[in-house]
Amino acid sequence: MKRVSIQPQDFDIAAELAALEALGGGGVASFTGVVRGEGGLIALELEHYPAMTQAQVDRIVEDALGRWPLLGVSVIHRFGRLEPGARIVFVGTASRHRTAALESCAFLIDWLKSHAPFWKKEHFGDGATAWVEARAEDDAKAKGWGG
Amino acid sequence: MAEPTLTIVYFAWVREDVGRDEERIDRPSSDITVADLVAALAARGGGYAQALGDATKLRAALDQRFVPLETVIGEARELALFPPVTGG
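In the order they appear, the protein sequences are chains A and B. Note that the numbering used here numbers the first sequence so that position 77 is 78, with each residue one more than the last. Note that the numbering used here numbers the second sequence so that position 48 is 36, with each residue one more than the last.
It should be emphasised that the hints constitute simulated quantities derived from the structure, not laboratory data. Possibly wrong hints are sitting among the right ones.
Covered stretches of chain B, as calculated for chain A (at least 3 residues, CB under 8 Å) [as the list claims (entries may be wrong)]:
id, stretch
1, 13 to 23
2, 27 to 39
Chain A regions said to be covered by chain B (calculated; three or more residues, Cβ under 8 Å) [said to hold, decoys possible]:
id, stretch
3, 8 to 18
4, 133 to 147
The list that follows gives simulated cross-link-like pairs (lysine-lysine, DSSO-like), each with its CA atoms no further than 30 Å apart [stated by the list, open to error]:
id, chain 1, residue 1, chain 2, residue 2
5, A, Lys3, A, Lys144
6, A, Lys142, B, Lys45
7, B, Lys45, A, Lys144
8, A, Lys122, A, Lys142
9, A, Lys142, A, Lys3
10, B, Lys45, A, Lys122
Ideal placement from N, C-alpha and C gives every residue a C-beta, glycine not left out.
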């Protein structure tokens, strides 16, 4: 099972996990990214490159499927204006082996951070805005997986 | 035969500084690199200079694939210019 969705709306984590569990592998790992409301932040605006995003995330998922014996992968990434507490991203993996499920889940979120065409803009309560800068450590984490 | 024009799309603060999200330009000669074109666009001044003046802050994609700035544009139809990505 391979599911990639780039969407503005929220998603149902229980349903996503249930779909992965139903594959019968016995091991499901997941990561959920949520908007942090620190420093007076009132919203995070996610911009993306619509013509590229789906294909690029598909490539990242294919890469994970080539590296680990997975029965299923789900990636959901939202775009648009998201408030603190809102879910941004979900990665779920299913495998017969817990190591494969856990490692591929970590790989997928690391690669999404540095290889998917999204940009975050922070909006603060006082009207200020700031584009989030890419962090060298995120890039290093992605490089750590090789390839 | 290559298209007579090249579409350039901009994202995030590059889009904001340039002041538009997309434009079409006459196709540059086939041996021009992304970096060459970025320098030519920055020479327009104003928001272009602000957005594109420091190429080390930029990343690029040709026909929806990430490429290094030294890549020759060749017959690509779409060039995207943007800051390093911050998804996830």
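Kindly indicate which numbered hints from before are broken by the structure, ordering the numbers from low to high.
-> Hints 1, 2, 3 contradicted; others consistent.
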